[in-house]
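Number of protein chains: 2
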Amino acid sequence: MAWLDFLLGRPLASGEEKSERLGTLSGVPIFGLDALGSAAYGPEAALTLLLPLGVGGIHNIVPITITIIALLGVVYFSYRQTIAAYPQGGSSYVVARQNLGKFAGLLAGTALMVDFVLVVAVGVAAGIGALVSAVPGLQTHTLLLSLVVLVLITFVNLRGIRTTGAVFMFPTYFFIVCLLVVLGIGLARMLLSGGHPTAIVPPPRPSTAAVQMAGAWLILRSFANGCTAMTGVEAVSTGITAFRDPRVKIARRTLSFIIGVLVAFLAGIAWICRAYEISATRPGQSGYQTVLSLVTAAVVGRNWFYYITIASILMVLVLQANTAFTGFPNVCRAIAQDGYLPYSFMSRGRRLVYSHGIYVLAFLSAALLIAFRGVTDRLIPLFAVGAFLAFTLSQAGMVAHWKRTGGAHARHSMIINGVGTIATALTVLVVIVSKFVEGAWITLVAIPGILLLMRAVRRHYDRVGRELSSPHPLPTSKLKPPIVAVPIEGWNKVTEKALRFALTLSPDIIALQVSTSDEPHDLETQWATLVEDPTREARLPVPRLQVLRSPYRAVVHPTVEYIHKLEREHPNREIAVVIPQLVERHWYEYFLHRRRGELLAALLLLEDEPRINIINVPWHLRT
Amino acid sequence: MAWLDFLLGRPLASGEEKSERLGTLSGVPIFGLDALGSAAYGPEAALTLLLPLGVGGIHNIVPITITIIALLGVVYFSYRQTIAAYPQGGSSYVVARQNLGKFAGLLAGTALMVDFVLVVAVGVAAGIGALVSAVPGLQTHTLLLSLVVLVLITFVNLRGIRTTGAVFMFPTYFFIVCLLVVLGIGLARMLLSGGHPTAIVPPPRPSTAAVQMAGAWLILRSFANGCTAMTGVEAVSTGITAFRDPRVKIARRTLSFIIGVLVAFLAGIAWICRAYEISATRPGQSGYQTVLSLVTAAVVGRNWFYYITIASILMVLVLQANTAFTGFPNVCRAIAQDGYLPYSFMSRGRRLVYSHGIYVLAFLSAALLIAFRGVTDRLIPLFAVGAFLAFTLSQAGMVAHWKRTGGAHARHSMIINGVGTIATALTVLVVIVSKFVEGAWITLVAIPGILLLMRAVRRHYDRVGRELSSPHPLPTSKLKPPIVAVPIEGWNKVTEKALRFALTLSPDIIALQVSTSDEPHDLETQWATLVEDPTREARLPVPRLQVLRSPYRAVVHPTVEYIHKLEREHPNREIAVVIPQLVERHWYEYFLHRRRGELLAALLLLEDEPRINIINVPWHLRT
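Residue numbers (the numbering used here), protein chains in the order written: chain G, 1 to 623; chain H, 1 to 623.
Isolated chain G, as found in the complex (with noise of 0.2 Å):
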């Protein structure tokens, strides 16, 4: 398995979870890039939206960003709390099952989920196409190059947490400081201007005739779009056993630090654009730029520093889908445990992750960009849905929880919480009402769908323990030997082989050699001499023959019709059939020989009779 520790590390122990624990700074690539990495979409999603309202629009990007600002310090604050209150791992799904109960608990971790997938998809969906918008050239191969992107973030997952962070550390402080740097020339050029500077490279001017007048659905619409910019801000509280100790300490450091920065970036964002009258761009069009693009151009110039910005951020929207991939086993893995999801989400692999929530959001992310070949852009509106949806009903789990256990601070954090759980909430419903249309249905759709999964699966677990469980000691009595049947096909080493092993389990031993002639088959005269004689002499029990004719030329079924007919006259003996099996040394000798014996283990497995059990003897051939 040597190429496989070359791709994915050597396995780590159980014990060296300690090592692969994280920091402040390797935390923030790790939990931040979603969050960070939506600055690059949340304005212009926003902007885009004030684009009918002409450059007079422009300047109601202030308010409705105050406004976000506003909800995202809200949010930090409680989720501040959830980290001290939940240091074993505070997700939403966790939070809300513990205070609000098992279905508030599944809804929000099936909205986590469904937010992760699309986060994977959008992110690297939205990178690549940033990308190509670019280098043109690339254009064909938009699908292909998203799998690729899609593979290689896979595969530095499985190799664990530490060398996540380690790979994405330079991508993502290059990129904060790359934007700072901008952001601040615009500003310092703002303040030296006495607050009208000039572009350097103007932007497209908006047409200055307002279509429109600024209504307050235009403007909650694009408070809503906005929103985007928040999603991942849980992930932090979420994946907080991967932080080493002081674990609750180094948490919310991380967590401040990423809601500091992506206050920076928002508030920046929208200064410069009312300074400099930059407006949105209408995607699809030619001349279209990203905001983002516009910003630094109008700043600095289109120079090199331009272009080496620009690729930080597509690098990060890119990256950002990393962040899920923290989140997604995770809430699988906290579901599964409440057995709502199947055991194998708890597995970790061999480099600590949970391999399994891995495999299934790649699987998952990739047939999204699949089906929509690569271009995701209905995809967007989806995925604040699932965002919110989660954070609300976290916060409304932090509300009880405070009211549950008391305390000195608990009143003030519950004020905290309750603030959180009414503006998320508000949120929500913005998101679903006015992006209804645009596909939040979707979202709405397949959460119930997912829940009603859930509980099936559940379901079948708690029957299969019921039907497993057993209190008693071994029970000793009515212990027989089985009666042996022995499928044989001619008389060579594999039926000696089949039937010598035969002779060690039982004294009952039955060979079964089907006939398709009515002749006397060869085996029935050689009996005698070939298995009769030499056991009776050893005094060993006596093989009986028994050759079933087959005038349909089946060989499976008659056999399979003997073994039922032996089960049902003996009631209370095990069947136990010993199948010789050939085993090929290459795959392409697989279909030289008939596959009976496969077939026949599998149908008698198949039917309901408990008391036929299969021995496979296997036949290593040399040659």
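If you are wondering where the hints come from, they were derived from the structure by calculation, not from laboratory data. Bear in mind that the values here come from a model prediction, so they are computed numbers and not experimental data. By construction, the Cβ of each residue, glycine as well, lies at the ideal position given by its N, Cα and C atoms. Heads up, some of the hints might be wrong.
Said to hold, decoys possible - Result set (SDA-like, lysine to any residue): computed pairs, CA atoms no more than 20 Å apart in a straight line:
id : chain 1 : residue 1 : chain 2 : residue 2
1  : G       : Lys478    : H       : Thr504
2  : G       : Lys493    : H       : His472
3  : H       : Lys478    : G       : Leu530
Said to hold, decoys possible - Covered by chain H, per the in silico footprint, the following chain G stretches (three or more residues, Cβ under 8 Å):
id : segment
4  : 467-481
5  : 484-494
6  : 531-543
7  : 598-607
8  : 611-617
Unchecked claim - Among the chain H residues that face chain G by a calculated CB cut under 7 Å, a handful are:
id : residue
9  : Glu467
10 : Leu479
11 : Val494
12 : Leu530
13 : Pro534
14 : Pro610
15 : Asn613
16 : Ile614
17 : Asn616
18 : Pro618
Given chain G, put chain H in place with the hints provided.
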């Protein structure tokens, strides 16, 4: 399996074979469609090559057709003799193998196999091609229609040979009657008009200026093209066992009928083309019509009778693929009997046909159709090579047969088959040389490839046979009960069942429990109460618990390693690994349980350790 009965008919017993046998009337649709259907493209293929000669070129069709008919006569008499000499089935493979040796036999068999696959692909594609040129709206569905027809033919053939005869009888005789009526009217009008009839619908005039002189090479190539009309003549002697007694007589009568009708077709078409000055039109160019369409329109006009004649031709073109569906499985069976193809080709299915051959033929021709997207014009030149190569080897084999057997008519018969050999051998040469560039080289590459494959298959069977053969009676020394290993996941009824089964097999039982943590496992503390005490009290063997520490959380690999260690430590004992297996009621439940047992069994079987046996103890979930 009620739906299988409905689809494929009730299973037939081997003894029912006689009632499935054919007479002359039902034999023609089964063995004659290939030969008769080729009248629709043989003359056209010859005429197309004469196009550069202008109107004058048409006259060459008569001598070319006379040559083809003479060759057909030689082949006919040769195969009459083969039928008499090989009433047990005289495919080219059998005749060449018995008289000329292994290599010649396999060469003939391979040539036939290639021929049959091509006949199916080309026949279906040609029929559907003619259909879509009549109903252009279907053009976009060419491939789909071809595959649907292929599936239908496959199902009809899986239902057995009498069903096939019954289904195809009407279209076959309808086609024969229609075409004979058209040719009869045409010849009658020719005689009545003193050899210069006027066409009711005049055929398009070929360019009157001859661009080329009638050279020997052109005539030869035209002859080679026309020879495609002869493929399928060997079908009767190949499938002779399907006829009822007196087998030889009925088979000969069937062959005579087929050849008689074919000669009438070829002669009639040639004379009418000359009399009405009908030449081919260029395929793929506007105004293209098949020669039979031109002939019918010239003789009877474009009335209802024209359309039903054309419809009957289309039907026969499609259905001629059917001949290959009886020939291919027969040839494969004969070759498999000699060990050069997988044994599964020898198994008769529920309706007494060799189902595997039918599947493989359907699969290969479907692959060809898909690869060529339903347009297989380019394959037409290829299949004459296979057919005539098989003819030649079969004829040469007959010469050797007569030489060996001697007898009263041997000399006479030898001369007939000798002439046949020379004529068909020359034709092979002409076809290969004149069609090498057009694609005949593909056949020449495919045939050696298949021959090498067959040799490899036979070698494998020989080696396996030597390895497994056992001349002596069952050895009874050194029999010891196996060491039984029982991997368990915890204490439940499945574990109980597995342990109880193990207790009946051997005194040496080891339960294997993988623990991923360093703390003592629950079972370690309870083993004495749960297992050791009750077994000791009942004077049974006491199973030992072996806990395997797995710091890397793998469950399967430590178990595999331990079992290998066990095997190495006990070089004289068999190991039996009892694997409890949950059997779910529904397929979707499959994903809910970790498949550790199956993975373990697969890994243990794949490793080349002949003393490790697998025992599957099923637990059928009730819920």
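Going through the hints against the structure:
1. About 10 Å separates the Cα atoms of Lys478 (chain G) and Thr504 (chain H), which keeps this hinted pair within 20 Å; it holds.
2. At most 20 Å may separate the alpha-carbon atoms for a hinted pair to count; Lys493 (chain G) and His472 (chain H) meet this at roughly 10 Å.
3. Simply put, Lys478 (chain H) and Leu530 (chain G) have alpha-carbon atoms about 18 Å apart, close enough for the 20 Å limit, and the pair holds.
4. Residue count for the segment 467-481 of chain G with a Cβ under 8 Å from a Cβ of chain H: 12. That meets the three needed, and the coverage hint holds.
5. Requiring three or more residues with a Cβ within less than 8 Å of a Cβ of chain H, the coverage given for the segment 484-494 of chain G holds, as 4 such residues are present.
6. With a threshold of 8 Å between beta carbons, the proposed coverage of the segment 531-543 of chain G by chain H holds, since 7 of its residues qualify and at least three are required.
7. Under a criterion of three residues with beta carbons nearer than 8 Å to beta carbons of chain H, the stated coverage of the segment 598-607 of chain G is upheld, 3 such residues being counted.
8. Residues of the segment 611-617 of chain G with a Cβ under 8 Å from some Cβ of chain H number 6, which satisfies the need for three, so the listed coverage holds.
9. The beta carbon of Glu467 (chain H) is positioned within 7 Å of a beta carbon in chain G (closest approach about 6 Å), and the interface hint is therefore held.
10. About 5 Å separates the beta-carbon of Leu479 (chain H) from the nearest beta-carbon of chain G, less than 7 Å, and the hint is met.
11. Annotation: Val494 (chain H) was flagged as interfacial toward chain G, and the flag holds, the nearest CB pair being 6 Å apart, inside 7 Å.
12. Below 7 Å, beta-carbon pairs count as interface contacts, and Leu530 (chain H) has one with chain G at about 5 Å; its hint therefore holds.
13. Hint status for Pro534 (chain H): holds, given a least beta-carbon distance of 5 Å to chain G, under 7 Å.
14. Interface hint at Pro610 (chain H): satisfied, since its Cβ lies 5 Å from the closest Cβ of chain G, which is below the 7 Å cut-off.
15. Among the interface hints, the one on Asn613 (chain H) holds; its C-beta lies about 5 Å from the nearest C-beta in chain G, closer than the 7 Å criterion.
16. With a cut of 7 Å, the hint placing Ile614 (chain H) at the interface with chain G holds, because the nearest CB-to-CB distance is about 4 Å.
17. Checking Asn616 (chain H) against chain G: minimum C-beta separation of about 4 Å stays under 7 Å; hint holds.
18. Of the supplied interface hints, the one on Pro618 (chain H) holds, with its beta-carbon coming within about 5 Å of a beta-carbon of chain G, less than 7 Å.
Against the hints set out earlier in the document, no violation occurs for any number.
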